[in-house]
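Enquirer: Residue-level listing of the chains:
There are 2 protein chains.
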Amino acid sequence: MGAPSTLRFVGLDIGGSFLKGACVNPAGKVEARLHEKIEKDSLEALLQQLERAVRSLAGPSGARAVGLGIPGIVEQGTALVHGAPNVPVLNGCVFGADFAKRIGMPTFAENDANAAALAEAWLGAGRGSERQIFVSLGTGIGAGIILDGRIWSGTSGYAGEIGHIQVEPDGLLCGCGSHGCLETVAGIPGWVRRAELALANRESTLRGQPLEPKTIVDAAQAGDAAALEVVAGSARALGIGIGATLNLLNLDRVVLGGGVAAAGDFLLTRVAEEVRKRTFPQVFTDCAFKLAELSGDAGVVGAARVAIIGLSR
Amino acid sequence: MGAPSTLRFVGLDIGGSFLKGACVNPAGKVEARLHEKIEKDSLEALLQQLERAVRSLAGPSGARAVGLGIPGIVEQGTALVHGAPNVPVLNGCVFGADFAKRIGMPTFAENDANAAALAEAWLGAGRGSERQIFVSLGTGIGAGIILDGRIWSGTSGYAGEIGHIQVEPDGLLCGCGSHGCLETVAGIPGWVRRAELALANRESTLRGQPLEPKTIVDAAQAGDAAALEVVAGSARALGIGIGATLNLLNLDRVVLGGGVAAAGDFLLTRVAEEVRKRTFPQVFTDCAFKLAELSGDAGVVGAARVAIIGLSR
Chain A
1266 MGAPSTLRFV GLDIGGSFLK GACVNPAGKV EARLHEKIEK DSLEALLQQL
1316 ERAVRSLAGP SGARAVGLGI PGIVEQGTAL VHGAPNVPVL NGCVFGADFA
1366 KRIGMPTFAE NDANAAALAE AWLGAGRGSE RQIFVSLGTG IGAGIILDGR
1416 IWSGTSGYAG EIGHIQVEPD GLLCGCGSHG CLETVAGIPG WVRRAELALA
1466 NRESTLRGQP LEPKTIVDAA QAGDAAALEV VAGSARALGI GIGATLNLLN
1516 LDRVVLGGGV AAAGDFLLTR VAEEVRKRTF PQVFTDCAFK LAELSGDAGV
1566 VGAARVAIIG LSR
Chain B
1266 MGAPSTLRFV GLDIGGSFLK GACVNPAGKV EARLHEKIEK DSLEALLQQL
1316 ERAVRSLAGP SGARAVGLGI PGIVEQGTAL VHGAPNVPVL NGCVFGADFA
1366 KRIGMPTFAE NDANAAALAE AWLGAGRGSE RQIFVSLGTG IGAGIILDGR
1416 IWSGTSGYAG EIGHIQVEPD GLLCGCGSHG CLETVAGIPG WVRRAELALA
1466 NRESTLRGQP LEPKTIVDAA QAGDAAALEV VAGSARALGI GIGATLNLLN
1516 LDRVVLGGGV AAAGDFLLTR VAEEVRKRTF PQVFTDCAFK LAELSGDAGV
1566 VGAARVAIIG LSR
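Protein chains in written order, with our numbering: chain A, 1266 to 1578; chain B, 1266 to 1578.
There could be a bad hint or two in this list.
Identical copies carry no separate label here, and so any pair may be met within one copy or between two of them.
Stated by the list, open to error - Quick list of in silico lysine to any residue cross-link-like pairs, SDA-like style, CA-CA up to 25 angstroms:
hint, residue 1, residue 2
1, Lys1542, Pro1434
2, Lys1542, Gly1348
3, Lys1542, Asn1356
4, Lys1542, Gly1498
5, Lys1542, Cys1441
6, Lys1305, Pro1350
7, Lys1542, Asp1435
8, Lys1542, Glu1340
9, Lys1542, Gly1440
10, Lys1542, Gly1436
11, Lys1479, Leu1437
12, Lys1542, His1444
13, Lys1542, Glu1433
14, Lys1542, Asn1351
15, Lys1305, Gly1440
16, Lys1542, His1347
17, Lys1479, Ser1560
18, Lys1542, Gly1337
19, Lys1542, Gly1442
20, Lys1542, Pro1350
21, Lys1479, Gly1529
In short, the hints are calculated from the structure, not lab data.
Please model the entire structure based on the sequences and the hints provided.
Expert: Dropping the structure here:
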């Protein structure tokens, strides 16, 4: 217990394509990393991979606890996983005492967006805020909500589904069965679809380029009208969803993360302006808008943070 | 301290037109009431009225503490009031030590929708839930959000502004400066405006009747097509706003209160169905939808509850 080795924590970020991992010290410094293809053909194959990853990251000196970032819903209390479309073998899995026994140390599981939120709140753009939302912008749009310094999970772990706020009442069908969800507009496929539409009838520097948020934002920044229209549409949809969040919760920090956030300040500024239009002046003034700072490390550092928090309860 | 009299609490609900008050016992039973025109020409006139009301309600045996329901924003910590358009003399007022000294007992102030939420959570439709939203449907639409059994006030007291979630991106200008806020559609003026539109080109049993939510819902319930359309529009807007709330917070209770909620189960059922369309099955299943039960008493009982909670901290 007293040896330095026991003060290290393993964080594993289980993704649809990759398993990422890190071993961090109590200050969050990454001392070892791992990045491999996910083995998700069966639950047993995945559990074996997780077990090997923990041993490899902890090394001979071991670790104190393990945190898991799960691409799905994690019920607090039971650690039952469901709603994990990209790693279906996780559905129905419980990361409780059995798994902890198998790897020989305490294990704590949390939704991956919540884990990333905890990482940013700990060491990144969320530092110093006790009530914030971390919005993960990628193919889907998820969020981790932190209230009084703790993740708000809700009744059964579903809290933070900002991507399914309806922002276009007559909008496109979403994978969730609703229409016009924030995700249908401002998720990556939404950017691509709207860019194709914007390009249909006019000249644009985007023509012939890969249509992805970063290139679209770069073209917009250079003044391309079609690209500006696409960015404006994303910012507006995010402004409605984040505006709804601030009207309800009067938070003091919004952190934009995930791949799309790499589009940078040009997007962030426009999102903040769209939020401003939809909130009371005081609510807007109360809130700082920031880009995530930990980028690729947020998932694994956040998972390790989940272990630290879990152990401290 | 030990005498029964000291276990009574005074609740005052300050409204745009009326001051309502009650003295309740620790179980919430109303032992005295007061209902008078509000005196809001000057802050001093209002404070004198509040002082008289407390003395009258507490009676010779006194009371333990006073709670105030404020029609505006109350900053937690400072008890500074602002954003009170219907009783402007309250803006800038602090219900702190000075006021407590003036009336001779501890005083605690809270936003009126939050107070009503606390009343319903204590003795009404919110009983047994630790995470809920009470939505007050009237001219405006406000809410009180209870998380882990406590009001969530946010950074500066603005939390719960569900009425300003944008539900019609190209909708009408709202008093707040935004467009298409939930309140513009499903606040009472929104019902009236949409009813006038719905009546413009067709026969309806509503013609010649006072256009207010209750008569519109009654006509809809009797099968009137124009009225059904108006109810559907309100339900849809509320479904977007409450759906956003549940997607973000995964609550287990929604309580509809305020004057419009008198329209009853016919409206409640349709609101729940519109929420269902916009949330994950589990999120919808987790949540019970109820009509407020305390009606006219929610404000004063809630204010008294604010006093009880304030004293217990």
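Enquirer: Next step is simple, just say for each hint if it's right about the structure.
Expert: Hints, verified against the model:
1. Proximity of lysine 1542 and proline 1434 under a CA criterion of 25 angstroms is satisfied in both settings, with 19 angstroms inside one chain copy and 11 angstroms between copies.
2. Taking identical chains as interchangeable, the C-alpha atoms of lysine 1542 and glycine 1348 lie at most 25 angstroms apart only when they sit on different chains, with a minimum of 18 angstroms there against 34 angstroms within one chain.
3. Taking the shortest alpha-carbon separations for lysine 1542 and asparagine 1356, only the inter-copy value of 23 angstroms comes in at or below 25 angstroms, while the best intra-copy value is 40 angstroms.
4. Proximity of lysine 1542 to glycine 1498 under the C-alpha cut-off of 25 angstroms is found in both arrangements, the shortest distances being 14 angstroms within a copy and 24 angstroms between copies.
5. When the C-alpha separation of lysine 1542 and cysteine 1441 is checked against a cutoff of 25 angstroms, the pair qualifies only between copies, where the shortest distance is 10 angstroms, while the shortest distance within a copy is 28 angstroms.
6. Taking the shortest Cα distances, lysine 1305 and proline 1350 sit within 25 angstroms of each other inside one copy (12 angstroms), while across copies they are farther apart (58 angstroms).
7. In this homomeric assembly, lysine 1542 and aspartate 1435 come within 25 angstroms of each other (Cα to Cα) both inside a single copy, at 21 angstroms, and across copies, at 13 angstroms.
8. Only between protomers do lysine 1542 and glutamate 1340 lie at most 25 angstroms apart by alpha-carbon distance; the minimum there is 23 angstroms, versus 35 angstroms within a single protomer.
9. Only between protomers do lysine 1542 and glycine 1440 lie at most 25 angstroms apart by alpha-carbon distance; the minimum there is 13 angstroms, versus 29 angstroms within a single protomer.
10. Proximity of lysine 1542 to glycine 1436 under the C-alpha cut-off of 25 angstroms is found in both arrangements, the shortest distances being 21 angstroms within a copy and 13 angstroms between copies.
11. For the homomeric pair lysine 1479 and leucine 1437, the shortest alpha-carbon distance inside one copy (23 angstroms) is at most 25 angstroms, but the shortest distance between copies (34 angstroms) is not.
12. Both within a single protomer and between protomers do lysine 1542 and histidine 1444 lie at most 25 angstroms apart by alpha-carbon distance, with minima of 23 angstroms and 9 angstroms respectively.
13. In the homo-oligomer, the alpha carbons of lysine 1542 and glutamate 1433 lie at most 25 angstroms apart both inside one protomer (17 angstroms) and across protomers (14 angstroms), since each shortest distance falls under that limit.
14. Taking CA atoms no more than 25 angstroms apart as the test, lysine 1542 paired with asparagine 1351 passes between copies only; the shortest distance there is 23 angstroms, against 36 angstroms inside one copy.
15. For the homomeric pair lysine 1305 and glycine 1440, the shortest alpha-carbon distance inside one copy (22 angstroms) is at most 25 angstroms, but the shortest distance between copies (53 angstroms) is not.
16. Proximity of lysine 1542 and histidine 1347 under a CA criterion of 25 angstroms is satisfied inter-copy only: 20 angstroms between copies versus 37 angstroms inside one chain copy.
17. Proximity of lysine 1479 to serine 1560 under the C-alpha cut-off of 25 angstroms is restricted to the intra-copy arrangement: shortest distance 15 angstroms within a copy versus 53 angstroms between copies.
18. In this homomeric assembly, lysine 1542 and glycine 1337 come within 25 angstroms of each other (Cα to Cα) only across copies, at 21 angstroms, whereas the closest approach inside a single copy is 33 angstroms.
19. Within a single copy, lysine 1542 and glycine 1442 get their C-alpha atoms only as close as 29 angstroms, which misses the 25 angstroms cut-off; across copies the closest is 8 angstroms, which meets it.
20. For a Cα distance limit of 25 angstroms, the shortest separation of lysine 1542 from proline 1350 across copies, 20 angstroms, qualifies, whereas the shortest one inside one copy, 35 angstroms, does not.
21. Taking the closest pair of Cα atoms, lysine 1479 and glycine 1529 come within 25 angstroms of each other only inside a single copy of the chain (9 angstroms); across copies the shortest separation is 50 angstroms, beyond that limit.
Consistency note: the structure conflicts with none of the earlier hints.
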